[in-house]
Amino acid sequence: MHRLGGAGLAALQRQQESLKSFDALSNQLSNAQVDNLHAQLDQFRAALTHFATHHRADIRGDPRLRRAFQQMCASIGVDPLAGPRRGGWWEEALGLGDWQSELGVQIVDVCVSTRDRNGGLIELSELVRLVGRLRGLEGGAITEEDVVRSIQALKPLAAGYEVLEFGADGAGGGKKMVRSVPKELDEDQMVVLAVAAEQNGRVDEDLLVHRKAWTVERARAVLQNMLLRDGTCWLDEQDGPEGMGRAYWIPGAMQWDD
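Here the working numbering runs 667 ahead of the position in the sequence shown, where the first position is 1.
None of these hints come from the bench; they were simulated from the model. Predicted model, so just to flag it, every value in this text is computed and none were measured. One should not assume that every hint holds.
Stated by the list, open to error - List of simulated lysine to any residue pairs, SDA-like, C-alpha gap at most 20 Å:
(1) 842 with 812
(2) 843 with 912
(3) 879 with 862
(4) 850 with 823
(5) 843 with 793
(6) 842 with 792
(7) 843 with 773
(8) 842 with 798
(9) 843 with 882
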């Protein structure tokens, strides 16, 4: 019995030694793989740096190239449009931090200058159009994605800038509006904005009652709050072919020529 016990103990020791050897080999392989991955990332980063320094003006001026470059950078966890604290030498090499800040200032300029007529709500496509016109040809073309990124960069200012999306599919297929005032919209107001976006800005009590199965009192209350309290809509008391109707117009869901 004693010899069997000794043999069993020796076998257990050999098994433990084998497991330690496997662990050591596994660690060596893991370290080698990590080192190889770091080397590949360093090469990729060096290639991106070379590309960025030689095509800086193209990246700043071409939205499609800028988007492709952002996607390449994102694959290695770098944000080239971030400020110095987040982007580091990327921001310095590309100068895109200044570009992003300049775009943010232009967004604020357009939002503030149109706030008296839209109550702080403007359709994203309209904001892109007005900012593009403000920048002129020398400023380079911008996309909705550029504007969204700049608005996200404005969040630390706590000024209320936010992109709101409307649409039942929830897959990015709905309309987008930009809120530039520090006040939250309740659920009923979000519904009204979604309906207005489908009607080129126009909405009335009957439309909400029939489409959303609301009571007249509920529809009237939310529209009156948007008119009198928030200033996000206008009242037309001569609506309809006979000029006897009553409708509300939400400028943020309308297209403007100027």
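Do the hints match the structure? See the list:
1. 842 with 812: holds (14 Å)
2. 843 with 912: violated (29 Å)
3. 879 with 862: Given pair residue 879, residue 862 holds - Cα atoms ~9 Å apart, limit 20 Å.
4. 850 with 823: Between residue 850 and residue 823 the Cα gap is close to 15 Å, so the pair holds against 20 Å.
5. 843 with 793: holds (10 Å)
6. 842 with 792: holds (9 Å)
7. 843 with 773: holds (19 Å)
8. 842 with 798: Given pair residue 842, residue 798 holds - Cα atoms ~18 Å apart, limit 20 Å.
9. 843 with 882: Cα-Cα ~27 Å, so violated.
Hint compliance for this structure: hints 2 and 9 are broken, all remaining hints hold.
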